[in-house]
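Peer 1: Residue numbers (our numbering): 261 to 673.
Simulated from the structure, these hints should not be mistaken for lab results.
Values in this document were obtained by computation on a predicted structure and should not be read as measured data.
Where a beta carbon is used, it is the ideal one built from N, C-alpha and C, also for glycine.
Careful, some of the hints might be misleading.
What the hints assert, rightly or not - Restricting the straight-line Cα-Cα distance to at most 30 Å, the calculated cross-link-like pairs of lysine-lysine (BS3-like) are:
1) Lys395 <-> Lys385
2) Lys318 <-> Lys286
3) Lys567 <-> Lys488
4) Lys488 <-> Lys467
To be verified - Simulated DEER-style distance windows between Cβ atoms:
5) Lys503 <-> Asn481: 27 to 33 Å
6) Pro351 <-> Gln648: 47 to 53 Å
7) Asn538 <-> Pro559: 23 to 29 Å
8) Lys385 <-> Gln648: 37 to 43 Å
9) Ala586 <-> Ile560: 49 to 55 Å
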Amino acid sequence: MPTPNTQNHANALRAFNTLTHTYAHKPLAHLRRAQALERIAELRRSNQLLVDAVESYKRYLAFNESITNFDYRTAGERCIEHMRFLGQTQPAVVIHELLIERYPDEVQLRNQLSLTYLMSNNLLKLQQVARDTLKRWPRDPLAQLYFGLTLKQVDGDYAQALHYLQRAIDSQAAGTQEPYFYLALGETLQRLGKQAEALQLYARGVKRGYFASVYQRSLYNVPRLRAKPFWQIADTDQAQELKQLQQNWRSIRNEALALLNVEGNFQLEAEQLRDTGNWQQFELYARGQRLHRNCQRAPITCALLEKLPAASGCRRGQIKFSAMHAQTHVWPHCGPTNCRLRAHLTLVAPEPHLTSLRVAEQERTWHEGDLFIFDDSFEHEVWHNGTQLRLVLILDLWHPDLTAQQRSQLTPI
261 MPTPNTQNHA NALRAFNTLT HTYAHKPLAH LRRAQALERI AELRRSNQLL VDAVESYKRY
321 LAFNESITNF DYRTAGERCI EHMRFLGQTQ PAVVIHELLI ERYPDEVQLR NQLSLTYLMS
381 NNLLKLQQVA RDTLKRWPRD PLAQLYFGLT LKQVDGDYAQ ALHYLQRAID SQAAGTQEPY
441 FYLALGETLQ RLGKQAEALQ LYARGVKRGY FASVYQRSLY NVPRLRAKPF WQIADTDQAQ
501 ELKQLQQNWR SIRNEALALL NVEGNFQLEA EQLRDTGNWQ QFELYARGQR LHRNCQRAPI
561 TCALLEKLPA ASGCRRGQIK FSAMHAQTHV WPHCGPTNCR LRAHLTLVAP EPHLTSLRVA
621 EQERTWHEGD LFIFDDSFEH EVWHNGTQLR LVLILDLWHP DLTAQQRSQL TPI
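Based on the sequences and whatever the hints tell you, model everything.
Peer 2: In structure tokens, the structure reads:
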């Protein structure tokens, strides 16, 4: 039977539906329905009700000139907030543009559009909006921040990116003091060879509670998980399964090499982490989902991985073949979450003395048939100074300290 609260919600919705039907020509009817829907959506944790609230806000905003400036802006910003939450970033742009058209002298509204483009990872549009904003408001810290981010991520112009990012963050302006932006500035400093300055910045971030430590700088974390750069296989809850995988490294290697020998199978690394050289990958699992087409090409490997659900079902990680060619350097970087550990099963490594992985302040190299584990939420950096291919199977595993319930509730990354 429905609870009293549920019945009250249903009655309220029926009343507002009747109201908007009877008074469809009245803006206030649509506004009140939107506000009621968003309240009930929050209580019920219902995305569908939130979608309905957004539609009511849109109908309200369509009355445009009939609405006061204050009410129009308040409703528009509320609508955008919900659309971002629902992942409706492209439709949200339409609402942004309506607000900017009505309030052309409000820099905050242009910066809000920039934020929506950042949230949807549309960096080219972000760069365009931020550049246009700076033409009119050249000293606006948020516009500087967003433009600096695009100079780093899109153009790889680290010197110019540093100019904008540093000024924005040093301003202490509202919206500039976020972990993501500290991370972007720190990485920019590192890519310009300013390691000491980067570590000082990260130390500031630690004091502000942005990062667990100077070297462990993941952003999507569960508190109180054990943290150390390298792990022993025995320290995990998957020792037997990992040993079985390791025993089959030659069969896995043969499948990987066969794939690598066909042009177009392996894709270039796409996260802009490569400084020099050639680094490619072939994904088998992503966010806990088996990539069936790719697994059909590596049936032995994927059959073995199915016996390792802590990896194949890890929704905060991936499994992939990683091919690194000669003279490659990967910038220092951190993984996004502390909820996983990363294992490397070495398949081809003819020059262990010329390759190196640094995790925090510890280094090691790859030896064929070896499997080692590290926590990629710590800063790590890779050098391949040799002349021949290095090939590994990379697999992310759930952190052993996470309970089954925690693993089931964590959102994919």
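Peer 1: Is it true that asparagine 538 and proline 559 lie within 23 to 29 Å of each other by Cβ?
Peer 2: 27 Å, holds
Peer 1: At the C-beta level, are lysine 503 and asparagine 481 separated by a distance inside 27 to 33 Å?
Peer 2: 29 Å, holds
Peer 1: Are the Cα positions of lysine 395 and lysine 385 separated by 30 Å at most?
Peer 2: The hint holds at about 16 Å.
Peer 1: Does the Cβ-Cβ separation between alanine 586 and isoleucine 560 fall within 49 to 55 Å?
Peer 2: 28 Å, violated
Peer 1: Below or equal to 30 Å on CA atoms is what counts here, so check lysine 318 against lysine 286.
Peer 2: 13 Å, holds
Peer 1: Between lysine 385 and glutamine 648, is the Cβ distance one that fits in 37 to 43 Å?
Peer 2: 41 Å, holds
Peer 1: Given the hinted pair lysine 488 and lysine 467, is their alpha-carbon gap at most 30 Å?
Peer 2: Holds, at roughly 20 Å.
Peer 1: Check whether the Cα positions of lysine 567 and lysine 488 lie no farther apart than 30 Å.
Peer 2: 26 Å, holds
Peer 1: With respect to the beta-carbon atoms only, verify the hint that proline 351 and glutamine 648 lie 47 to 53 Å apart.
Peer 2: Since proline 351 and glutamine 648 have Cβ atoms about 50 Å apart, the given range 47 to 53 Å holds.
The earlier numbered hint that this structure contradicts is number 9, and it is the only one.
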